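Student: Below, each chain spelled out in residue letters.
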Amino acid sequence: MSVTGEKLQPTLFERSSPGRGGGKIPHPPKDALDRIPADARRATPPALPEMNEPDVVRHYVNLSQLNHAVDTGFYPLGSCTMKFNPKLNEWAARLPGFADLHPMAPDEVAQGTLQLLWELETALAEISGMRAVTLQPAAGAQGELTGILMIRAYHRERDDTDRDEVLVPDSSHGTNPATASMAGFKTITIPSAADGGVDLDAFKAALGPRSAAVMITNPSTLGLFESRIGELLDAVHEAGALAYMDGANLNAILGRFRPGQAGFDVMHFNVHKTFSTPHGGGGPGAGPVGVGELLLPYLPTPRVLRLDDGTFRLERPDERPTSIGRLRSFVGNTGVLVRAYAYIRAHGGSGLREVSDDAVLAANYLKSRLAGTFDLPYDRPCKHEFVASGASLKAKTGVRTLDVAKRLIDHGFHPPTIYFPLIVEEGMLIEPTETESVETLDAFADALIEIAAEAERDPEMVTSAPHTAPVKRLDEATAARQPNLRWRPMAGAEMPCPD
Amino acid sequence: MPYGPHTPADRERMLSALGLDSVDDLFADIPVDLRASALDLPPPEPELELSARLREMASRNRTDLVSFLGAGVYRHWTPPAVDQLLLRGEWYTAYTPYQPEVSQGTLQSIYEYESLIAELVDMDVVSASHYDGAAATAEAALMTCRATRRDRVLVSRGVHPQYRQTLHTYMRNLELEEIPLLAEGEAAGTTDLEALARMLAEEGRPVAGVIAANPDFLGLLEPMSRIGELTHAAGALFVAVIEPVSLAVLTPPGAYGADIAAGEGQPLGIAPQYGGPYLGILASTDALVRQIPGRLVGMTTDLDGKRAFVMTLRAREQDIRRDKAASNICTNQALLALAASIYLATIGPHGLRDVAANGAARATKLETGLAAIGVERVHPGPYLNEFAIRVADARTVHRRLIERGFLAGLVLADAEPDDPTLADGLLLATTELTTSGDIARFVAALQEVLSGRPPVGVETGAGAERAANPVGATR
Amino acid sequence: MSAPTDLRYTRDHEWVRVDGGEATVGITQYAADQLGDIVFVELPDEGRDLEEAKAFGVVESVKAVSDLFAPLTGTVTSTNDALAANPELVNSDPYGDGWMIKIRLSDTSEMDDLLDGPAYDDLVAAG
Numbered sequence: 007m008s009v010t011g012e013k014l015q016p017t018l019f020e021r022s023s024p025g026r027g028g029g030k031i032p033h034p035p036k037d038a039l040d041r042i043p044a045d046a047r048r049a050t051p052p053a054l055p056e057m058n059e060p061d062v063v064r065h066y067v068n069l070s071q072l073n074h075a076v077d078t079g080f081y082p083l084g085s086c087t088m089k090f091n092p093k094l095n096e097w098a099a100r101l102p103g104f105a106d107l108h109p110m111a112p113d114e115v116a117q118g119t120l121q122l123l124w125e126l127e128t129a130l131a132e133i134s135g136m137r138a139v140t141l142q143p144a145a146g147a148q149g150e151l152t153g154i155l156m157i158r159a160y161h162r163e164r165d166d167t168d169r170d171e172v173l174v175p176d177s178s179h180g181t182n183p184a185t186a187s188m189a190g191f192k193t194i195t196i197p198s199a200a201d202g203g204v205d206l207d208a209f210k211a212a213l214g215p216r217s218a219a220v221m222i223t224n225p226s227t228l229g230l231f232e233s234r235i236g237e238l239l240d241a242v243h244e245a246g247a248l249a250y251m252d253g254a255n256l257n258a259i260l261g262r263f264r265p266g267q268a269g270f271d272v273m274h275f276n277v278h279k280t281f282s283t284p285h286g287g288g289g290p291g292a293g294p295v296g297v298g299e300l301l302l303p304y305l306p307t308p309r310v311l312r313l314d315d316g317t318f319r320l321e322r323p324d325e326r327p328t329s330i331g332r333l334r335s336f337v338g339n340t341g342v343l344v345r346a347y348a349y350i351r352a353h354g355g356s357g358l359r360e361v362s363d364d365a366v367l368a369a370n371y372l373k374s375r376l377a378g379t380f381d382l383p384y385d386r387p388c389k390h391e392f393v394a395s396g397a398s399l400k401a402k403t404g405v406r407t408l409d410v411a412k413r414l415i416d417h418g419f420h421p422p423t424i425y426f427p428l429i430v431e432e433g434m435l436i437e438p439t440e441t442e443s444v445e446t447l448d449a450f451a452d453a454l455i456e457i458a459a460e461a462e463r464d465p466e467m468v469t470s471a472p473h474t475a476p477v478k479r480l481d482e483a484t485a486a487r488q489p490n491l492r493w494r495p496m497a498g499a500e501m502p503c504p505d
Numbered sequence: 011m012p013y014g015p016h017t018p019a020d021r022e023r024m025l026s027a028l029g030l031d032s033v034d035d036l037f038a039d040i041p042v043d044l045r046a047s048a049l050d051l052p053p054p055e056p057e058l059e060l061s062a063r064l065r066e067m068a069s070r071n072r073t074d075l076v077s078f079l080g081a082g083v084y085r086h087w088t089p090p091a092v093d094q095l096l097l098r099g100e101w102y103t104a105y106t107p108y109q110p111e112v113s114q115g116t117l118q119s120i121y122e123y124e125s126l127i128a129e130l131v132d133m134d135v136v137s138a139s140h141y142d143g144a145a146a147t148a149e150a151a152l153m154t155c156r157a158t159r160r161d162r163v164l165v166s167r168g169v170h171p172q173y174r175q176t177l178h179t180y181m182r183n184l185e186l187e188e189i190p191l192l193a194e195g196e197a198a199g200t201t202d203l204e205a206l207a208r209m210l211a212e213e214g215r216p217v218a219g220v221i222a223a224n225p226d227f228l229g230l231l232e233p234m235s236r237i238g239e240l241t242h243a244a245g246a247l248f249v250a251v252i253e254p255v256s257l258a259v260l261t262p263p264g265a266y267g268a269d270i271a272a273g274e275g276q277p278l279g280i281a282p283q284y285g286g287p288y289l290g291i292l293a294s295t296d297a298l299v300r301q302i303p304g305r306l307v308g309m310t311t312d313l314d315g316k317r318a319f320v321m322t323l324r325a326r327e328q329d330i331r332r333d334k335a336a337s338n339i340c341t342n343q344a345l346l347a348l349a350a351s352i353y354l355a356t357i358g359p360h361g362l363r364d365v366a367a368n369g370a371a372r373a374t375k376l377e378t379g380l381a382a383i384g385v386e387r388v389h390p391g392p393y394l395n396e397f398a399i400r401v402a403d404a405r406t407v408h409r410r411l412i413e414r415g416f417l418a419g420l421v422l423a424d425a426e427p428d429d430p431t432l433a434d435g436l437l438l439a440t441t442e443l444t445t446s447g448d449i450a451r452f453v454a455a456l457q458e459v460l461s462g463r464p465p466v467g468v469e470t471g472a473g474a475e476r477a478a479n480p481v482g483a484t485r
Numbered sequence: 077m078s079a080p081t082d083l084r085y086t087r088d089h090e091w092v093r094v095d096g097g098e099a100t101v102g103i104t105q106y107a108a109d110q111l112g113d114i115v116f117v118e119l120p121d122e123g124r125d126l127e128e129a130k131a132f133g134v135v136e137s138v139k140a141v142s143d144l145f146a147p148l149t150g151t152v153t154s155t156n157d158a159l160a161a162n163p164e165l166v167n168s169d170p171y172g173d174g175w176m177i178k179i180r181l182s183d184t185s186e187m188d189d190l191l192d193g194p195a196y197d198d199l200v201a202a203g
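Line order of the protein sequences matches chains A, B and C. In terms of our numbering, the first sequence opens at residue 7 and continues consecutively. In terms of our numbering, the second sequence opens at residue 11 and continues consecutively. In terms of our numbering, the third sequence opens at residue 77 and continues consecutively.
Worth flagging that the hints you see were computed from the coordinates, not collected in a lab. Values in this document were obtained by computation on a predicted structure and should not be read as measured data. Don't take each hint at face value.
[What the hints assert, rightly or not] Here are the computed lysine-lysine pairs in the DSBU-like style, where the Cα-Cα straight-line distance is at most 30 Å:
1. K13/A <-> K400/A
2. K139/C <-> K178/C
3. K316/B <-> K36/A
4. K13/A <-> K178/C
5. K13/A <-> K36/A
6. K402/A <-> K139/C
7. K375/B <-> K478/A
8. K13/A <-> K93/A
9. K316/B <-> K178/C
10. K36/A <-> K139/C
11. K130/C <-> K210/A
12. K316/B <-> K13/A
13. K400/A <-> K139/C
14. K210/A <-> K93/A
15. K130/C <-> K178/C
16. K478/A <-> K130/C
17. K178/C <-> K478/A
18. K93/A <-> K36/A
19. K375/B <-> K30/A
20. K210/A <-> K192/A
[Unchecked claim] Pulled a few chain C residues facing chain A out of the computed Cβ check, cut under 8 Å:
21. E98
22. V115
23. V138
24. A140
[Stated by the list, open to error] Some chain A residues judged to face chain C by a derived CB distance under 8 Å, without partners named:
25. A453
26. E456
27. K478
28. A486
Just so you know, even glycine gets a beta-carbon here, dropped at the ideal spot from N, CA and C.
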């Protein structure tokens, strides 16, 4: 069973009844809005649901039961690092001193938070071997945009305006080319080599006077460390371009490899991956960015500064005129960063290195358990994740990776990432993380092996899975052809309410 | 390691299954010359000690001050149900609903969020959220360029200065111009419509979109219908920057002809947290549904005909479109959208109206109290719950008021250094949390500061002993 | 299933039916099968000039998206409005009711660049 309760819920709107609920806010004076001109006032009130608190609570408690989450079970979603979210961090972020602080309060009243942010910047710089860190970007993708915009500023300042190309391997995450486009660059995609690493010759051939940057994920999205990285970075710099590292897979190399030290000019962190801040159903996260010496002048503003007397303040806009500016309002997703800070301090350097050791060991162990059942396209040790392929299974039984994934749900597991990276046929990207016990790893492997066997003797059972989830496979075609994106009373009447 | 499950025996077992002696063997592919040495970080802190230290750090933030600071982030009372529900692991430790069969909780909650906001803004399509109001506004600007195939966007200086700065960053390859505000007259502090008309009429420089905020950054109500008319007459799209609580009582963007609405959802039950995580609201008309970036959740059925929810129109997103994606956005702010939904469901529509109306009533009281001591508003026009006042040497006054336990809003010279009309301005906001007592004590303290009297023996806002010893460097 | 022999094809899996100086264009059954359930087709406006081998629109399925490339140079004379409400026609009848655009050709010699039925079948078989 993947979920404990399976009650589908009506929507809030269907539970609403006029006059129900409310009573939480004192009544304002009757003339409160008289001074607002009539033509500026809302003619009809918004048709928001009216519910009493007990029904609201029941609604959201029951809905929550329909979710699989890290707190309910194994979640081996490759490239997402679904590790345990420490409860201490939730407590810390909710301390009123942190939670109630207004982002435009003067520095003198924000010393506790400013110190935390400064210490976090320092820790991330040490972890990555980078010279400085900005905590501003709200997510990895925004961090990528920050990095690429800084690279663009760097070239512009050198009047190197011909550089309009960004090179990425074909295994890259979709955000990489999307980011390049947003920043006004053209993406050149370089096919990977047969061993899953970068094709160094192809990269070298594509590098030239039009190259602004390369974006590399290391370990790659296949979970493989790029051992030719030194040569690649040399080639990039020789061509006058800069090297961006997508830090999504940092969980594999903490304490083992520091991108800045190795020669990367800039990288982003996904604190909601490597540093345990919770995924929240799809967000929030935070995407701090670390830079080497070359890009230091372009960091987003404001940075957090430490003064000689031990106090802290925010940099003023005029103090770094070469900055690329702001990517968002205020200092950053501080609430998320408090959690990342607590995580890093709880582990220390030795603890973080152990995190990577265990993450890598667990992935390799799990991979070894699946050998012989699924194709393992890359025959060498992986890092924190690995890619398996259902290509042979499909050829033999007609059962696809999608079906295997859905059948895993019946075994109580969240499926791994499927069909990514795009270069692996019928791919499954599996990332166990370091917080899963050996028993869990074995249970997962056993489930996959059983599903593969079931695919041969009773494929229908697999292709029509899931059978025990709250809902079966969904009609995504109709959802896209006739989008129903908001509740409307008429539309609601056509669709049967679950209870 | 504090959270890992592996005993030495577990590690042994895994290593021997791999035929290896040491985990170092799994890192042999890192070139020797690129291997890291040990990380130079403070030693691991056990949770007991770490929690004490975190508590001490948090206590050094002056959240005890009685606050009149708004400027885009507003303190509201949040029913405890919101946070208690948010703390359920099924909500906050779940991820993006890629497997809808086991994510119906998250998916339905996002659909409900989209529906709730759609009602508030009175528009058809609401995205599953963006990082914050600034990012949502920037995405809106880019939408206008894509939809019209033009590359010039006009933004009123009434839009939050940090949003405008963000727009400049996102629009580096395109053209962004700022529409001035009127410096004097009845409508001072709002968008100069004549200037807007001139900018829209410029030969050979067609405009893709016009962006204005209501209320604007200075708290004033803008003539949004008129701005919309001028915008559409020029074949451009109209982006309204909104504040969600105000929409309980002010005309929503759908009613005054906005094509896109963007704004900050933080006031809907989300704590200030020194900057985030917040909730970027983005909504559009149906005509623009394929241009709207970010996730969308729709209603559908499963194989058994049961109603269910699923992410839809996904081919627009980065993982499929890659370099042709409308935006690189991957994460949304799901947990914050959930918080906002629970807040709205618990407060209810009448409650939301009362929140807005109470804020307005307190603002009236503040304005009256200040006028009685000779402190006037900078602008004469109508406002909802925020306005600017002028006091000589505003920055020093602000600091003196902190010593007396008050956060006297925002020093406008810091936020808008290029606007001489705001040189000695303080931007003050009130909400339903502002009490009459707060207002009376604030006015008294301000009067004292302005008359040059020291703070001895006077009842202050909070923490009098600490107020006498402020931490931090002087400006 | 072989591709219809009365049509011509591009390497990007578009088909062309030429009648005098006008060509009708769509995507092949193979392409539609690869994409899966089509949910949206973005077509150019009438009067737009197209250039051989350049992208002129987009076809979107639930999980994938593909550019549409002009098989020949010319001007768009009409587009299939039925696809707005019924994009699934591309899956069910790609060579008939699932047609996408009609072009008035400017250079019929470009037809020589296109593949015939058997040559297209070979292309598909080669994978």
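Student: Hint by hint, say whether it matches the structure.
Tutor: To see whether the hints hold, each was checked on the structure:
| no. | hint | result |
| --- | --- | --- |
| 1 | K13/A <-> K400/A | violated, 34 Å |
| 2 | K139/C <-> K178/C | holds, 27 Å |
| 3 | K316/B <-> K36/A | violated, 46 Å |
| 4 | K13/A <-> K178/C | violated, 51 Å |
| 5 | K13/A <-> K36/A | violated, 43 Å |
| 6 | K402/A <-> K139/C | holds, 25 Å |
| 7 | K375/B <-> K478/A | violated, 57 Å |
| 8 | K13/A <-> K93/A | holds, 27 Å |
| 9 | K316/B <-> K178/C | violated, 41 Å |
| 10 | K36/A <-> K139/C | violated, 54 Å |
| 11 | K130/C <-> K210/A | holds, 28 Å |
| 12 | K316/B <-> K13/A | holds, 12 Å |
| 13 | K400/A <-> K139/C | holds, 19 Å |
| 14 | K210/A <-> K93/A | violated, 47 Å |
| 15 | K130/C <-> K178/C | holds, 16 Å |
| 16 | K478/A <-> K130/C | violated, 41 Å |
| 17 | K178/C <-> K478/A | violated, 41 Å |
| 18 | K93/A <-> K36/A | violated, 45 Å |
| 19 | K375/B <-> K30/A | holds, 22 Å |
| 20 | K210/A <-> K192/A | holds, 17 Å |
| 21 | E98 | violated, 29 Å |
| 22 | V115 | holds, 4 Å |
| 23 | V138 | holds, 5 Å |
| 24 | A140 | violated, 10 Å |
| 25 | A453 | violated, 25 Å |
| 26 | E456 | violated, 27 Å |
| 27 | K478 | violated, 16 Å |
| 28 | A486 | holds, 4 Å |
Hints 1, 3, 4, 5, 7, 9, 10, 14, 16, 17, 18, 21, 24, 25, 26, 27, counting from the list given before, are not met by this structure.
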